[in-house]
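Chain by chain, the residues:
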Amino acid sequence: MRDQTASKYPGAWRRLRAIDEIGVVVALLSVCFLLWLATGDKFVRPTNLLQVARQASSYGIMSVGMVLLLSMGEIDLSVGAILTLVNIVTAVALREGMPMPFAALVGLATGAACGLANGLLGMLLRIPTIIVTLGTMSVYRGLALVLSKATPIGNFSKDNLLFDLGSSNLFGVPTSVLVMLIVGLVGHVVLNHTAFGWRVQAIGSNAQAARFSGIRLPRYRVAAMTLMGLVASIAGIMELAFLQSGSPTTGQGYELYVIASAIIGGTALTGGSGSVAGAILGALLIAVIRNGLVLLELSAYWGTVVTGVVIIAAVAIGGFVKKQ
Amino acid sequence: MNYRDTETPNGDGIATKIRRAQGAIDSVRIGSPSPYPSPPRRGEIVRPRWDESLISEGPAVLERVSLSPGERAVVRASVPTDLLRLSILSAFVVPVPLRISFSVLLALSLVVGCKQKPAANDSPKPISKLKIGYVLHGLNEFTQIIKQGAEDAGRAEGLSVDVVGPAGFSATADAIAMFEGMTQKQVRGLIVVPMPGEVWVTPIRQATEAGIPVLTANVTSPGSTATAWFGQDERASGVILATELRKFLAAQNKLEGRIIVGICSPGVGVLVDRYEGFKTGMAGTKYQISEPFDVNTENTANYGAWENLAAANPTTVALVGLCSMDLPNLAKLKERTKGQWLIGGYDLGRETLDAIKAGTVQVTIGQHPYLQGYLPVVALARHFRDKQPLPHGWIDIGTEVVTRDNVEGLYGRETDQKKQTQWYAEYVAKHFADLNAVAKPLPKVNK
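Line by line, the protein sequences give chains A and B.
Everything in the first sequence is counted per the working numbering, starting at 1 for the first residue and increasing by one.
Everything in the second sequence is counted per the working numbering, starting at 1001 for the first residue and increasing by one.
Please keep in mind that the hints were generated in silico from the structure rather than gathered at the bench.
A quick note: this is a predicted structure, and the numbers were derived from the prediction, not measured.
Idealized CB from N, CA, C, for every residue including glycine.
Each hint should be verified, as a subset may be incorrect.
Partial selection, computed: residues in chain A whose CB lies under 10 Å from chain B [unchecked claim]:
1. R54
2. S58
3. A144
4. Q201
5. A202
6. E297
Straight-line Cα separation of at most 16 Å, EDC-like style, residue types lysine to aspartate or glutamate; simulated pairs [said to hold, decoys possible]:
7. K1286(B) to E1256(B)
8. K158(A) to E1335(B)
9. K158(A) to E96(A)
10. K149(A) to D1416(B)
11. K1247(B) to D1405(B)
12. K158(A) to D1354(B)
13. K1440(B) to D1233(B)
14. K1279(B) to E1244(B)
15. K1357(B) to D1405(B)
With the sequences and hints as input, model every part of the structure.
Structure, rendered in structure tokens:
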């Protein structure tokens, strides 16, 4: 049957198999279809779908940076902690009376500086970034606790554009979803249509060959880590804008979901290739699962099991389709 | 590789660098006699050696070591001050990038360290060297008040209180490691929030066997050797929450319907007790209480979970959160979605109190976290200083019900540290003057 299909549509089937995101697309459509069957119109209601997209936006935004890193054969475990620190730093800046645009810039600069520090430490100490970021994850989270005194910061003026937009819709779509799409578009262009992106993938594919071809590995590593920090800071500011207060518990455990989003989306853990669109779809899949658990009224204990099973299934489907 | 192998005729090899480093070490120890009668010879290096007699002076003595061909020099830091010497030594034998990064880190540490200023409300240093350790189960707004209470008690009683806790709430292993570290530091007494209680039995027993009395706060560790527990009856607090919420529902003529309950950390005994208590309090009514839904401890995920629950249950009459982050998020959600459901839950953060004032949240249960920090420290101070026996059993610190009717009176206390300290000083003098007298047998709760 498969052979018949392949012979009937050889080109289409081959093209389908060549799509990096095929696994996540199939998994996402399957989960959505099952939820639609199980919950009726509750799941497919536009408000619910927009809500799910908004819940995926933070993971989605950060997964763009993670795709870049994974494509390079690197990984950043401190992304959640950078988000927390940016969230707190921006809230503190606002609380201290800094005008909103400057506070946002301080937040962005903090995220970029954290990413730069990750890259420089890895380069100067010649330590793998996974180890560096394991350490800085604790440093950044600790700094957020020091700055916030482990207490949410919400006593600042919210009468400005950031908070108006952050907690509302633009053209009927939550602002954070639009930001995710813009960051995703930029990330896609950078990864697939610029010399920087090609070199990043070349490094991930074969670092030795990339070095011999004249690519300066440390420079690209530092640049990619800085971009990751910057992207995490965008997510941190968007979360502040939505929840209207900075909290040291924001961003806890995000790193695993962000990495999971990228991998579910077809980015190879071994480097060399990546898909920004797939990563965003991966983030959506995680949000859909969470939403589905509530709609299906699954027990809190079983919900955790189901989340893990669906994530593994999504990656397995991708592999299966490609093998066929 | 032997270090001597790198030596060159020009004298810029490792051995030469090490000798230069030795010179650097001697030069920084101005005023202290060199332990060496003569400079080390070629092939010799110095390494720090632990010497008990020099602990009070800080630096360790240097031990002469001869290197034979093929032998690798091993340098170990024995005391903290050795780190400085080791850093200087390393500066001559490590690659340039490492040197730069170490220098930057050292400079940053010095800048941050030197700029540390005492908090504005810090009183003079404790007059006694008596040291107490307090291990929290995590760091957040709630435990910050426990910490404040413990430190205020330390200042009031003239002893030093070291409050620590892991950053994450699921980090039980980290909390136990901190607790064991405290026993190694040989603090005189220990207070711990043992969550979950069952896994703390052995660490607490080991501490008491080492002669360190242990008290528990917030939750207790059933079957452990801790002498007393300072906390509230969680199950009873759930009943109280249900009773108060029923009043609000009845006032709105909502006499039946579904109530959704969220649990931020499924399986944590305290939260399960609250839930069971809530169900007990709602028994005999027409309300249907949901199973506890996982609403996550992470702030954004928590909001998202409540958002999903509210959307999936449009006819619910009330949403009930069992953790401190629930009520601020529920309040925001209700305002944005113009929700008609009532809200009840726990803890007295600023955002929660603001929401109570605004009428968005109907009722919250306070558990006097300040007293959970303050009272155990007082108990240990009185035990060591005044030779009073430690209280045995349960010190019930009580449950506080906060609604729009009484929120104004509490708002100042919960948002102003000075007012909080003053208010609780009077409250303790009135209700907890004799801790032994108010101690009760341990109830079968908070397991």
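Results of checking the hints against the structure:
no.: 1; hint: R54; in the structure: 8 Å, holds
no.: 2; hint: S58; in the structure: 6 Å, holds
no.: 3; hint: A144; in the structure: 9 Å, holds
no.: 4; hint: Q201; in the structure: 27 Å, violated
no.: 5; hint: A202; in the structure: 24 Å, violated
no.: 6; hint: E297; in the structure: 8 Å, holds
no.: 7; hint: K1286(B) to E1256(B); in the structure: 5 Å, holds
no.: 8; hint: K158(A) to E1335(B); in the structure: 15 Å, holds
no.: 9; hint: K158(A) to E96(A); in the structure: 13 Å, holds
no.: 10; hint: K149(A) to D1416(B); in the structure: 14 Å, holds
no.: 11; hint: K1247(B) to D1405(B); in the structure: 13 Å, holds
no.: 12; hint: K158(A) to D1354(B); in the structure: 15 Å, holds
no.: 13; hint: K1440(B) to D1233(B); in the structure: 12 Å, holds
no.: 14; hint: K1279(B) to E1244(B); in the structure: 13 Å, holds
no.: 15; hint: K1357(B) to D1405(B); in the structure: 9 Å, holds
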